[in-house]
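**Student:** If you want the building blocks of each chain, they are given just below.
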Amino acid sequence: MIVPLHDAISDLVRDGDTVALEGFTHLIPHAAGHEIARQGKHDLTLVRMTPDVVYDQLIGVGCAQKLVFSWGGNPGVGSLHRLRDAVEHGWPLQLAIEEHSHAGMAAAYAAGASNLPFGLLRGYSGDLPTHTRVETVTCPFTGEELSAVPSLRPDVGIIHAQQADRQGNVQLWGILGVQKETVLAASRAIVTVEEIVDELVPRPGAIVLPRWVLDAVSLAPGGAHPSYAHDYYERDNDFYVAWDEISRDRDRFRAWMKRHVFDTADVTEYHASLASEVTAA
Amino acid sequence: MSTNGDGGFSSDEMMAVEAARRLANGTVCFVGIGLPSLAANLARLTHAPECVLVYESGTIGAKPTRLPLSIGDGDLADTADAVVSVPEMFAYWLQGNRIDVGFLGAAQIDRHGNLNSTVIGDYDHPKVRLPGGGGAPEIATGVRDVFVMLRQTPRAFVEHLDFTTSVGDRVRVVVTDLGILEPRDGELTLVAVHPGVEVDAARSATGWELRVADDVRVTEPPSEIELSALRELEARAHA
Numbered sequence: 025m026i027v028p029l030h031d032a033i034s035d036l037v038r039d040g041d042t043v044a045l046e047g048f049t050h051l052i053p054h055a056a057g058h059e060i061a062r063q064g065k066h067d068l069t070l071v072r073m074t075p076d077v078v079y080d081q082l083i084g085v086g087c088a089q090k091l092v093f094s095w096g097g098n099p100g101v102g103s104l105h106r107l108r109d110a111v112e113h114g115w116p117l118q119l120a121i122e123e124h125s126h127a128g129m130a131a132a133y134a135a136g137a138s139n140l141p142f143g144l145l146r147g148y149s150g151d152l153p154t155h156t157r158v159e160t161v162t163c164p165f166t167g168e169e170l171s172a173v174p175s176l177r178p179d180v181g182i183i184h185a186q187q188a189d190r191q192g193n194v195q196l197w198g199i200l201g202v203q204k205e206t207v208l209a210a211s212r213a214i215v216t217v218e219e220i221v222d223e224l225v226p227r228p229g230a231i232v233l234p235r236w237v238l239d240a241v242s243l244a245p246g247g248a249h250p251s252y253a254h255d256y257y258e259r260d261n262d263f264y265v266a267w268d269e270i271s272r273d274r275d276r277f278r279a280w281m282k283r284h285v286f287d288t289a290d291v292t293e294y295h296a297s298l299a300s301e302v303t304a305a
Numbered sequence: 138m139s140t141n142g143d144g145g146f147s148s149d150e151m152m153a154v155e156a157a158r159r160l161a162n163g164t165v166c167f168v169g170i171g172l173p174s175l176a177a178n179l180a181r182l183t184h185a186p187e188c189v190l191v192y193e194s195g196t197i198g199a200k201p202t203r204l205p206l207s208i209g210d211g212d213l214a215d216t217a218d219a220v221v222s223v224p225e226m227f228a229y230w231l232q233g234n235r236i237d238v239g240f241l242g243a244a245q246i247d248r249h250g251n252l253n254s255t256v257i258g259d260y261d262h263p264k265v266r267l268p269g270g271g272g273a274p275e276i277a278t279g280v281r282d283v284f285v286m287l288r289q290t291p292r293a294f295v296e297h298l299d300f301t302t303s304v305g306d307r308v309r310v311v312v313t314d315l316g317i318l319e320p321r322d323g324e325l326t327l328v329a330v331h332p333g334v335e336v337d338a339a340r341s342a343t344g345w346e347l348r349v350a351d352d353v354r355v356t357e358p359p360s361e362i363e364l365s366a367l368r369e370l371e372a373r374a375h376a
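Protein sequence lines, in the order shown, are assigned to chains C and P. Using the working numbering, you'd call the opening residue of the first sequence number 25 and step up by one each time. Using the working numbering, you'd call the opening residue of the second sequence number 138 and step up by one each time.
Quick caveat, the hints were computed from the structure, so don't treat them as lab data. Built from N, CA and C at the ideal position, the CB exists for glycine as well. Hints are supplied without guarantee of correctness; some may be wrong.
[Stated by the list, open to error] Residues from chain C shown here face chain P by an in silico Cβ test under 7 Å; the list is partial:
1) Phe48
2) Lys90
3) Ser94
4) Glu123
5) His126
6) Gly150
7) Pro153
8) Asn261
Extracted from the complex, chain C is given alone in its bound form (with noise of 0.2 Å):
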């Protein structure tokens, strides 16, 4: 149950797989999307909401095949680089785009997690159903016309949070997004968590997943680095924005990579290899 995040990442992530690594701004799982790399997944399917600067680094360097997403920035800051490089020219690799909008996205959580076979909300308005899975359905009872979204069901669902208890049971508390409903949508489950405590404490707000929804849990402290784990630290808002120059250029994305993610064995030399930076620097 609990075991090394390399290998939960491992055994429960295979090549071809539709993998979701969920948390809105708050808990990224980074240190799974890290290994996620090290061990080089490919022809993934990535799922998330946010691809955010986690799925920036797994698309450059060729993890993914096609993308699933609704906001595809860095948020406060401008453009995801590698995530636009994919889709427009190609590099490293083609990627297939599937675009929604949140609500879309967040009711097709819900529904994968309800074992519905698609969401429901009024939305899409625009151009963007002509160019993605969204279909109308109209009310048995009213008459009034919705908008229908496939329900995400992913392979593999990874989050990360606060705590662990010694069983395995998880908990996690401050913005929770939508990584409740994607544990429950996943086939599989990977919760990576900042520590290991005796019991846990219920928290105003939080949310608790038992053990057995889940199929690993891995100890990664810091593992959400540059997000943040509230109570624990804070965003790391200096280094989205650092981000927007290190991933301009093929060239220095690789080598950051090289130094900070495939040359280190886990999330405490990662964190050791930037601090190196600063302290070089």
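Go by the hints and put chain P onto chain C.
**Tutor:** Here is chain P on its own, set in the frame of chain C:
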């Protein structure tokens, strides 16, 4: 940030102030990052202390002490009345008609207030792939009033959008760096220019033949109170 000489305030500040003035006390507004967040927080700290700020990350009634860089900063959750999941945010709160005002920005706007934040060029072979709609398609149809904040240039104010990300039916005002546009008979019309801005400057910054109201006025420059509140907010953001 540049200042416009004689006025002693920047065009960004003028935009934030003009948008803030339109938020009545108690308004529930769906806020994005950047100028909308600045405007809504300014309203909250000046004339509209009970303005409710909702960020799409699920924070309802956030009262940030500094301007957030992302819509999910921890400060928003710490200061919120309630924190809800993203599916709940879009289903119960936005689709549930709980939000009065939604702010939107875009890369392109047309004369009907339709917006493009998805792609420049062809969707399948884009010249520029933009971040995409995010919450915009449903914000545009789920709130009572849409406020657009956008710098006015011929590249942004276009005759034909490359892509319609969200529809303009509920756009009530477009606040630009040059003035204010409001829909009149279904077409965005220049109703005010900012101090020091000529109507012709707004015309030439628009990619269609801009309709101008007969009674076009000059917006009130930011007051001392507005400017000092605004600059205090910005200073805390960069601290």
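**Student:** Which hints from the list above does the structure break, by number from lowest to highest?
**Tutor:** 2, 7
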